[in-house]
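First to last, the protein sequences are chains X and L.
If you read the first sequence in my numbering, its first letter stands for residue 1, the second for the next number, and so on.
If you read the second sequence in my numbering, its first letter stands for residue 130, the second for the next number, and so on.
Please note that the accuracy of each hint is not assured.
[Said to hold, decoys possible] In silico lysine-lysine, BS3-like type, Cα no more than 27 Å apart, as pairs:
no., chain 1, residue 1, chain 2, residue 2
1, L, Lys169, L, Lys341
2, L, Lys154, X, Lys94
3, X, Lys36, L, Lys194
4, X, Lys88, L, Lys282
5, X, Lys48, L, Lys188
6, L, Lys231, X, Lys94
7, X, Lys94, L, Lys282
8, L, Lys188, X, Lys43
9, L, Lys285, X, Lys87
10, X, Lys94, L, Lys341
11, X, Lys36, L, Lys318
12, L, Lys285, X, Lys48
13, X, Lys48, L, Lys206
[Claimed, not checked] Derived Cβ-Cβ restraints for the label pairs, each shown as a range:
no., chain 1, residue 1, chain 2, residue 2, range
14, L, Asp372, X, Gln40, 25 to 35 Å
15, L, Asn197, X, Asp76, 15 to 25 Å
16, X, Thr35, L, Val336, 24 to 34 Å
17, L, Thr340, X, Gln40, 30 to 40 Å
18, X, Thr35, L, Thr199, 33 to 43 Å
19, L, Lys206, X, Lys88, 49 to 59 Å
20, L, Asn197, X, Lys87, 48 to 58 Å
Think of the hints as simulated: they come from the structure by calculation, not from any bench.
Note that beta-carbon positions come from the ideal geometry of N, C-alpha and C, so glycine has one too.
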Amino acid sequence: MGKLTAEQVKRLADNFAHMANALGNYRYENFERLTKENNQFLKELHAKTLAHTTELYTQSAILVMDDAASSLEHIDSITLETQQLYKKLVGVQKILDRATSVLTLASAIISLDTKEITNSVKKLLTPES
Amino acid sequence: MQKPLSHNFVLILIATTLASCVNLKHVGEFSESSIEGIEKFNTLSYSFAKNCTDECLHKSIAALKIHNQTCLCTADKKADSITALIYHTTRGYFYGLTDISKNQLTNYNTDELTQTLATGEFGSLSLKEADVKAYSSISTIILRAFTDGYRRKKIKEYVTRANEPLQTLLHFLDLNLSGNLIGKLEVQKSSIKSFYFDLIANTDLSVFERTKFTEDYYEQIAALTAKQEELAIYSEVLKTIADGHNALYNNINKLTEDEIKGQLAIHGTQLKNLAHSFNINK
């Protein structure tokens with residue numbers, strides 16, 4: 001028999017929950033007629049079934065990792081590509097800004113404007129954000 | 130004769146490049162609404178680990194024990210971290226999609242460059258301000274058309290490749306929250322009922338005590354039901370995101386048509402309404 005999937009374990013948990021509820025309802029509806037011992041026995045059985053049920057729901061949630069692993073990898077790699085594309089497109093604006101700074105410096109050097117040369121060099125040396 | 134020809138050429142160039150400029154605002158808006166919806170995950174008031182500690186506490190109370198009571202919740206913590214991993218991966222994808230769908234991204238600003246070219250002294254070369262501005266506008270349009278075309282092509286590629294794994298992740302995130310966690314809350318309700326049933330049915334206790342137990346029971350059940358409802362609304366959010374992305378995928382070659390814009394707008398509005406009912410329910 002192959003390994004159970006998250007979906008299958010979830011369905012098992014749902015079925016266990018129905019069984020547990022049937023057991024509980026039987027105890028509530030026949031409470032007056034049951035002996036103290038029988039009532040206690042049914043109560044414990046009900047509690048154990050509920051404990052197994054909740055454990056099955058947790059196991060199903062953990063098994064999701066096996067079933068979703070390849071999808072997680074795919075989406076991670078696509079997200080990385082979108083981030084790289086974003087940087088590339090934002091980079092075009094940076095190149096335009098850079099070109100402007102270089103041009104301003106050239107203009108300042110040609111016109112021998114020392115103040116503007118200093119400003120342009122400072123701007124060029126400013127690290128890119 | 131040459132001048133009108135060159136003007137015509139420029140006009141044709143502008144017309145063709147403008148046609149290539151794509152408004153991807155609707156893709157970006159849907160993606161932003163998806164982020165707003167999916168991030169409601171952070172406001173969910175319940176988790177697998179919380180359910181485990183609540184159940185553990187309930188067992189200690191039922192057994193009238195306060196000493197040496199430890200709760201082992203390792204498996205439930207693992208279930209939470211798997212659920213969180215799926216959430217973060219899905220959310221990350223929508224952030225990426227939003228970033229590359231922004232129109233501002235390719236609205237390159239060449240004003241400063243134009244100004245520098247127009248007013249700068251470049252030795253023997255002198256440029257007329259009007260000419261510089263005209264050529265700069267054309268080059269900006271061409272630049273945008275080129276990058277927009279590239280961007281549109283990439284968005285198509287990403288949405289196409291992402292749809293299947295994204296649907297899987299949204300499905301599993303929903304399975305864990307509205308399937309498994311709501312299931313655990315249902316079990317918790319049954320445990321509480323079993324505990325209170327015996328106390329309320331115990332005729333050795335006073336009517337006042339039994340009435341107080343009945344009140345406590347209904348209060349606890351109402352609190353758990355509210356948590357289930359919160360998870361059910363979040364499940365609707367996930368389904369709407371999945372449907373919206375499917376609509377985007379199915380119409381990926383018609384990105385500029387009104388039909389797909391309308392469909393994405395409907396999904397976006399649904400997500401906003403769900404986010405609103407989520408806030409009311411909290």
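Going through the hints against the structure:
1. L/Lys169 to L/Lys341: Not satisfied, since the Cα-Cα distance of roughly 36 Å exceeds 27 Å.
2. L/Lys154 to X/Lys94: holds, 23 Å
3. X/Lys36 to L/Lys194: holds, 22 Å
4. X/Lys88 to L/Lys282: Cα-Cα ~15 Å, so holds.
5. X/Lys48 to L/Lys188: The hint holds at about 12 Å.
6. L/Lys231 to X/Lys94: holds, 17 Å
7. X/Lys94 to L/Lys282: At roughly 22 Å apart (the allowed maximum being 27 Å), L/Lys282 and X/Lys94 satisfy the hint.
8. L/Lys188 to X/Lys43: holds, 13 Å
9. L/Lys285 to X/Lys87: holds, 18 Å
10. X/Lys94 to L/Lys341: violated, 69 Å
11. X/Lys36 to L/Lys318: holds, 24 Å
12. L/Lys285 to X/Lys48: violated, 52 Å
13. X/Lys48 to L/Lys206: holds, 22 Å
14. L/Asp372 to X/Gln40: 25 to 35 Å: violated, 50 Å
15. L/Asn197 to X/Asp76: 15 to 25 Å: violated, 44 Å
16. X/Thr35 to L/Val336: 24 to 34 Å: Given range 24 to 34 Å: holds, Cβ gap about 25 Å.
17. L/Thr340 to X/Gln40: 30 to 40 Å: violated, 25 Å
18. X/Thr35 to L/Thr199: 33 to 43 Å: Hint holds: Cβ distance 34 Å, inside 33 to 43 Å.
19. L/Lys206 to X/Lys88: 49 to 59 Å: Violated, since L/Lys206 and X/Lys88 (Cβ atoms, about 40 Å apart) do not stay within the stated range.
20. L/Asn197 to X/Lys87: 48 to 58 Å: holds, 56 Å
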